[in-house]
Amino acid sequence: MLKRLKKYSDLGYSLIAIILAFAIGALLIYLSGLNVGKAYSALFNGAFGSLFNFTQTLMNTIPLIFTGLAVAIGFKSGLFNIGGEGQMYLGAFVTAITAIYLSFLPSIILIPLVLLAGGLAGSAWSFIPGYLKTRTGAHEVVTTIMMNYIGILATSFLLLRYFQETGPIPQTVFIPESARLPELIEFSRLTWAIFIAVFVVILCDIFYKRTNLGYKIQTVGKNSSAAEYAGISSDKMMVLSMMISGFMAGLAGATIVMGVLHRFITNFSPGYGFTGIAVAVLGRNKPVGVLFAALLFGALQTGGITMQLFAKIPMDLMVVIQGLVILFVATPVLIKKLLRK
Amino acid sequence: MSEILDVIFNINTFSAAIRISVPLVFAAIGGVFSERVGVINLGLEGMLLGGAFSAVLGSYLTGNPYIGVLLAMFMGAIIGFIFALFTLKFEANHVVAGVGLNILLLGTTTWLMQIIWGSRGTSVNVTGLSEITIPLISSIPIIGKLFGSHNILVYLMFVVVILSWIVLFRTPFGLRLRVIGEHPKAADTLGIKIRKIQYTSLIFSGVLCGLGGAYLSLGHLNWFSMNMSAGRGYMALAANIFGGWNPLGAFGASYLFAFTDALQMRMQALNLNVPNEIIQMVPYILTILVLAGAMIRSRPPAALGKHYKTSR
Numbered sequence: 000m001l002k003r004l005k006k007y008s009d010l011g012y013s014l015i016a017i018i019l020a021f022a023i024g025a026l027l028i029y030l031s032g033l034n035v036g037k038a039y040s041a042l043f044n045g046a047f048g049s050l051f052n053f054t055q056t057l058m059n060t061i062p063l064i065f066t067g068l069a070v071a072i073g074f075k076s077g078l079f080n081i082g083g084e085g086q087m088y089l090g091a092f093v094t095a096i097t098a099i100y101l102s103f104l105p106s107i108i109l110i111p112l113v114l115l116a117g118g119l120a121g122s123a124w125s126f127i128p129g130y131l132k133t134r135t136g137a138h139e140v141v142t143t144i145m146m147n148y149i150g151i152l153a154t155s156f157l158l159l160r161y162f163q164e165t166g167p168i169p170q171t172v173f174i175p176e177s178a179r180l181p182e183l184i185e186f187s188r189l190t191w192a193i194f195i196a197v198f199v200v201i202l203c204d205i206f207y208k209r210t211n212l213g214y215k216i217q218t219v220g221k222n223s224s225a226a227e228y229a230g231i232s233s234d235k236m237m238v239l240s241m242m243i244s245g246f247m248a249g250l251a252g253a254t255i256v257m258g259v260l261h262r263f264i265t266n267f268s269p270g271y272g273f274t275g276i277a278v279a280v281l282g283r284n285k286p287v288g289v290l291f292a293a294l295l296f297g298a299l300q301t302g303g304i305t306m307q308l309f310a311k312i313p314m315d316l317m318v319v320i321q322g323l324v325i326l327f328v329a330t331p332v333l334i335k336k337l338l339r340k
Numbered sequence: 000m001s002e003i004l005d006v007i008f009n010i011n012t013f014s015a016a017i018r019i020s021v022p023l024v025f026a027a028i029g030g031v032f033s034e035r036v037g038v039i040n041l042g043l044e045g046m047l048l049g050g051a052f053s054a055v056l057g058s059y060l061t062g063n064p065y066i067g068v069l070l071a072m073f074m075g076a077i078i079g080f081i082f083a084l085f086t087l088k089f090e091a092n093h094v095v096a097g098v099g100l101n102i103l104l105l106g107t108t109t110w111l112m113q114i115i116w117g118s119r120g121t122s123v124n125v126t127g128l129s130e131i132t133i134p135l136i137s138s139i140p141i142i143g144k145l146f147g148s149h150n151i152l153v154y155l156m157f158v159v160v161i162l163s164w165i166v167l168f169r170t171p172f173g174l175r176l177r178v179i180g181e182h183p184k185a186a187d188t189l190g191i192k193i194r195k196i197q198y199t200s201l202i203f204s205g206v207l208c209g210l211g212g213a214y215l216s217l218g219h220l221n222w223f224s225m226n227m228s229a230g231r232g233y234m235a236l237a238a239n240i241f242g243g244w245n246p247l248g249a250f251g252a253s254y255l256f257a258f259t260d261a262l263q264m265r266m267q268a269l270n271l272n273v274p275n276e277i278i279q280m281v282p283y284i285l286t287i288l289v290l291a292g293a294m295i296r297s298r299p300p301a302a303l304g305k306h307y308k309t310s311r
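Chains as they are written, first to last, in numbering that gives the first Met the number 0: chain E, 0 to 340; chain F, 0 to 311.
You may find that some hints are simply not true.
[What the hints assert, rightly or not] Derived CB-CB ranges, DEER-like:
id: 1; chain 1: E; residue 1: K37; chain 2: F; residue 2: Q267; range: 54 to 62 Å
id: 2; chain 1: E; residue 1: L14; chain 2: F; residue 2: T132; range: 32 to 40 Å
id: 3; chain 1: F; residue 1: K192; chain 2: E; residue 2: L115; range: 56 to 64 Å
id: 4; chain 1: E; residue 1: L26; chain 2: F; residue 2: K192; range: 47 to 55 Å
id: 5; chain 1: F; residue 1: L135; chain 2: E; residue 2: L337; range: 23 to 31 Å
id: 6; chain 1: F; residue 1: S118; chain 2: E; residue 2: L337; range: 31 to 39 Å
id: 7; chain 1: F; residue 1: K192; chain 2: E; residue 2: A225; range: 55 to 63 Å
id: 8; chain 1: E; residue 1: F103; chain 2: F; residue 2: N270; range: 21 to 29 Å
id: 9; chain 1: F; residue 1: G292; chain 2: E; residue 2: A225; range: 24 to 32 Å
id: 10; chain 1: F; residue 1: I141; chain 2: E; residue 2: A225; range: 56 to 64 Å
id: 11; chain 1: E; residue 1: L115; chain 2: F; residue 2: M264; range: 33 to 41 Å
Source of the hints: derived by calculation from the structure; they are not laboratory data.
Glycine included, every Cβ here is placed at the ideal spot set by N, Cα and C.
Turn these sequences into a full structure, and let the hints guide you.
Given below as structure tokens:
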């Protein structure tokens, strides 16, 4: 009974945090002399107004599910991985290169293989901060941020040096048809990746709720000295957790390349890796929570573009709302105080 | 190879590094002040960005860059206060609140830039800080080149480094401040007004970041651009750790980062056979190595990141 109550209050706090963030957003629009109603209705229409708009929302939701899971999985072991952006770039790059070089393989082998390659590239990138954290204590927030810069520079270096398609645009050639994920609705760029994402969410949920390893990782996150006492190597669990986390971010990059871009392009991300932080915080680091939080931020991303086009409201408002949501969700004490009044 | 050595040991590289180090030094000392009272401050990045924006806004509105600097300090204080509210009063996880603050300020500054100047990339040009030449010092051969002619914030930085060290390590106030980060319960028992000192310290941290941000925009380029801080706040936090939570150490570490950055920029101009992307990576790689190296032998304030409820 108590447990159930806590579950509801978590959801309640998240909803209040969202409402507060939107209210402050509205205030900001109003103070800038713009029309709040027009802004928010354009935002809503852009995200859900038509079937096509909704497919675009889902398309933007997919990478956010993965980057959100990446951050949430890090948190489970007590680590804050904000290197999702860099891990995603590595994932996208390796996915594209693997697909191009193994184009002779049949689709049924190629698709899982390049997905795996993308995920592992992300893992490799997140292994470094994880290893450094356990061996030297270097704070993962700083190292993952630095790895973002290094990863984005490294992929563009490799692209420009070795893999650029002839022409002025820094991009690879297209990946073969056999490595692309099929579209669900024509011209929508919404692909089967959405099912992969939901499947991975379910897997993660089972992993943390039902498996021994998942339980061990969470014990480390809650109390690493207690975990050590129980014979769990917290160092090992942290590195492993960091690698699973990077794998998810890598999958974000892989599915973008296989489903949307069909090639690697420099600077392709509008900050999916960073939005993943807001997604995980709002989703309370629970896989199913991440799924719904990703849908919200996917909708904001998509609707934000419409809002900018039709209501002339800069879409950076969405970034403001992200920041506010993170701050408010992080402070249940504040919300409790507000409710008591 | 000799070309590279020429760049490394060139006086211009050393003097460029002083300029590049300014925002890092201010923010790193801001980091020292907040971590010494037990608050992990990842919000340095957002505070720098907010400072850079406010400085340009102040100069844009009044035409006077010094008012820009004052506005940056004021906004820094407000941001520091908000961060203190969230981490101390509302007991938010420090790391999550810091990252939230950074995202909030990235969004707010980019948004306001478009509302005020109608551009998402950069603001208009405003009057920047002019250089002040110190008569006697500027005529000494090497020292003159290094310290003789800078804008006011560079000189202020040196003052802040020394004064912060004195305050932290040579005054009763500094001792009280440090006890809070090490053992808040002991501080409480001794009757130290924990919250008051923590708030003061975090607001001061914001003011310092405001100064660092002002230097980024008014001391360097005379405009504001989107995400202008570009990770410097995180580097500053690493410099604070590498510097052993000490203003002098923070200065040394920041100067090391800045020197690498200066080197990186000058090497790009040399047309060496090394790709620019690789050269650009160097400061980031160095930050990681330094942090990994520093953490092995140094120890953070014992109560860092923990919430402590005061007895009154």
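For each hint, the structure was consulted:
1. Restraint check, E:K37 to F:Q267: a C-beta distance of roughly 46 Å breaks the suggested window 54 to 62 Å.
2. Distance hint check: the CB atoms of E:L14 and F:T132 are about 59 Å apart, inconsistent with the given range 32 to 40 Å.
3. Distance hint for F:K192 and E:L115: a CB-CB separation of about 57 Å, consistent with the stated range 56 to 64 Å.
4. Roughly 34 Å separates the CB atoms of E:L26 and F:K192, a value that falls outside the hinted 47 to 55 Å.
5. Checked against the hint of 23 to 31 Å, the pair F:L135 and E:L337 fails, with Cβ atoms roughly 60 Å apart.
6. Distance hint for F:S118 and E:L337: a CB-CB separation of about 37 Å, consistent with the stated range 31 to 39 Å.
7. In this structure, F:K192 and E:A225 break the distance hint of 55 to 63 Å, their C-beta atoms being roughly 35 Å apart.
8. For the pair E:F103 and F:N270, the beta carbons lie near 40 Å from each other, so the given range of 21 to 29 Å is not met.
9. Roughly 30 Å separates the CB atoms of F:G292 and E:A225, a value that falls within the hinted 24 to 32 Å.
10. The hint said 56 to 64 Å for the Cβ distance between F:I141 and E:A225, and at roughly 58 Å that hint holds.
11. Between E:L115 and F:M264 the CB atoms are about 40 Å apart, so this pair conforms to the stated range of 33 to 41 Å.
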